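If you want the working numbering, it's the position in the sequence shown, counting the first as 1, plus 668.
Hints are not guaranteed to be accurate.
As the list claims (entries may be wrong) - Label-pair restraints from in silico Cβ distances: (1) Asp670 - Trp714: 16 to 24 Å; (2) Gly672 - Arg719: 27 to 35 Å; (3) Gln728 - Asn700: 17 to 25 Å; (4) Lys687 - Val738: 29 to 37 Å; (5) Ser694 - Pro727: 31 to 39 Å; (6) Val708 - Leu741: 17 to 25 Å.
No lab work stands behind these hints, which were simulated from the structure alone. None of the values given here were measured: they were computed from a predicted structure. Each residue gets a CB set at the ideal place from its N, CA and C atoms; glycine is no exception.
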Amino acid sequence: FDLGQLSQWLARWPWRRAKLVAHGRSNWQSANALDGQALVFRSSEWRRDSRIELIFSEPQSQAELQQGMVECLIDE
Numbered sequence: 669f670d671l672g673q674l675s676q677w678l679a680r681w682p683w684r685r686a687k688l689v690a691h692g693r694s695n696w697q698s699a700n701a702l703d704g705q706a707l708v709f710r711s712s713e714w715r716r717d718s719r720i721e722l723i724f725s726e727p728q729s730q731a732e733l734q735q736g737m738v739e740c741l742i743d744e
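All chains, full assembly: derive it from the sequences and hints.
This is how it looks when you write it as structure tokens:
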């Protein structure tokens, strides 16, 4: 994932909680935030797969969420 792009994408959504572990360009990073706080990435021990969990007050468009996430992937 492009972590900068992922942060920008997540900032556009009205999530109540965001938890994630993602493989960035050079390492694994995790973040955990509440109610639209800025994500603070930290080095992660988890290195099996990237995961993003978002909790919203109201249902969101699954297609829009998936498309936005795909756009944050790095082509290698």
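Structure-based check of each hint:
Restraint check, aspartate 670 to tryptophan 714: a C-beta distance of roughly 19 Å satisfies the suggested window 16 to 24 Å. The hinted range of 27 to 35 Å is not satisfied by glycine 672 and arginine 719, whose Cβ atoms lie roughly 19 Å apart. Range check, glutamine 728 to asparagine 700: about 19 Å between beta-carbon atoms, so the 17 to 25 Å window is met. Take lysine 687 and valine 738: their Cβ atoms lie about 19 Å apart, and the range 29 to 37 Å is violated.
Between serine 694 and proline 727 the Cβ separation comes to about 36 Å, which falls inside the hinted range of 31 to 39 Å. At roughly 22 Å, the beta carbons of valine 708 and leucine 741 sit within the given window of 17 to 25 Å.
Of the numbered hints listed earlier, those contradicted by the structure are 2, 4.
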